[in-house]
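Participant: Residue numbers (this note's numbering), protein chains in the order written: chain A, 583 to 838; chain B, 583 to 838.
FYI, nobody ran anything at the bench for these hints, they're computed from the structure.
Here the structure is a predicted model, which means the values were calculated and not measured.
All C-beta atoms in this analysis are idealised placements derived from N, C-alpha and C, irrespective of residue type, glycine included.
Here are the computed distance ranges between Cβ atoms for each label pair: (1) B:Arg688 / A:Gln605: 41 to 49 angstroms; (2) A:Thr599 / B:Gly658: 56 to 64 angstroms; (3) A:Lys611 / B:Ala778: 33 to 41 angstroms; (4) A:Gly761 / B:Gly735: 31 to 39 angstroms; (5) A:Gly761 / B:Glu758: 17 to 25 angstroms; (6) A:Arg755 / B:Ala730: 37 to 45 angstroms; (7) A:Arg755 / B:Gly658: 38 to 46 angstroms; (8) A:Gly780 / B:Asn782: 57 to 65 angstroms; (9) A:Arg755 / B:Ser750: 34 to 42 angstroms.
Listed below are several chain B residues computed to face chain A (Cβ distance under 8 angstroms; list not exhaustive): (10) Ala626; (11) Phe627; (12) Leu630; (13) Leu631; (14) Gln634; (15) Gly735.
2 protein chains.
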Amino acid sequence: MEMETLSPQALRALCRTGEFAGQTAGFAKGYVQANLMILPREYAFDFLLFCQRNPKPCPLVEVLEPGRFMPDCAPGADLRTDISGYRVFENGEVAHEVTDITAFWRDDLVSFLLGCSFSFETALIDGDIPLRHVAQRRNVAMYKTDIACQPAGRFHGNMVVSMRPIKSRDVARAVEISGRFPQVHGAPIHIGHPQAIGINDLSKPDFGDAVQILDDELPVFWACGVTPQYVAQRSRIPFCISHSPGKMLVTDFRNE
Amino acid sequence: MEMETLSPQALRALCRTGEFAGQTAGFAKGYVQANLMILPREYAFDFLLFCQRNPKPCPLVEVLEPGRFMPDCAPGADLRTDISGYRVFENGEVAHEVTDITAFWRDDLVSFLLGCSFSFETALIDGDIPLRHVAQRRNVAMYKTDIACQPAGRFHGNMVVSMRPIKSRDVARAVEISGRFPQVHGAPIHIGHPQAIGINDLSKPDFGDAVQILDDELPVFWACGVTPQYVAQRSRIPFCISHSPGKMLVTDFRNE
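Using the sequences and the accompanying hints, generate a full structural model.
Facilitator: Below, the structure written as structure tokens:
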């Protein structure tokens, strides 16, 4: 079985039965993968407003009405079972790490699906811009910054970014290519000086795995889909659910 | 006093004191004008979701937290007094037509400011594409269509469009120019065949004033900011407030 060429439907079916519980990077190539955030209706307006005010870290793919768990972007899918891993948060702390959230489901829960950088990574690689973490089969390096997001109601916090080392000669092209994907973070938010955005040590990412930067490369930073999860945690929402890191919803939408 | 060259601040001050209670088309030239929609918090998530799903008729300029009435897009302004006219709706019917809504204000009200076609109209005129309703100092002609908006929770209904007759030779350019303003409805949603979108008689607009179409012109239709108001009415929200037709909030944002 070739995971890379599996259809989104087949991959989701394997998640549902529990046969697949791994990370989804590189799987079902060509299809949009999405971050998941589930919140009680009470917090849904503030969170939607937060996404609307911070489109780069929080690009909305789809928002479902309260109680709904079957998204239009993945016909037939059930958001409660068809992702390979979930984190259930209570008061900002991970309370459960599970592969099925049916037992936690409530009629007042609102599901948000947000764009993920896997989409533009494929485009970068197709554009002959190699990505070290992909070649080394690691998770991308992610860092907390001192860039404040626009607050919205109860939600406030700094932006999380992902970093990819890019050859200096390729940086302009990497900006152009990723800029064509406004639905998935778009162009970089910073290039070259980690200190300028509050990152003091690139060798110690806050999430994901560190990756080497060569002499002819610059660190390039993109707004990261971990931001909403981090902000919801920091804002100490009593209850929310997200996908586990790297375990995304694979949708039926094509990247292009 | 030249109304066209008044600053947004001065125009808003005249609204506040009640000295000005007219329509704002063509006033404070070069500044973004915005549609206003105010709803109780209970309906705010559904309405924000409706806007997010229908960005062409409902392009968000700003959404304020519940109870707030001082928008960032117009520093110093008070949304309760600085618009030249308001409509207060009860169960989908106009219950009051006033120039000050302070008496109706509640802490659970959420204000939405939405883009308005005045911005791209200026660009069309500057691009040597004349607009008959502007030359004749009339309100633009608006029509209900059979194009269903994407519903969201309680909100559902068809799109309202505005129509401008454009010389055939200028139609492509009108598309290009207005397409550069995605924050204010963007490119047209239909060109040439009113029947195809459920409009049977161009001489009888549902809102605004009818305007002649010459032989060398095509009717060009843009998504219209009256849509959210029409949809809120049709969805029979118990209480909401909007600006009166043609009486917009003049912001400090520049069109370009």
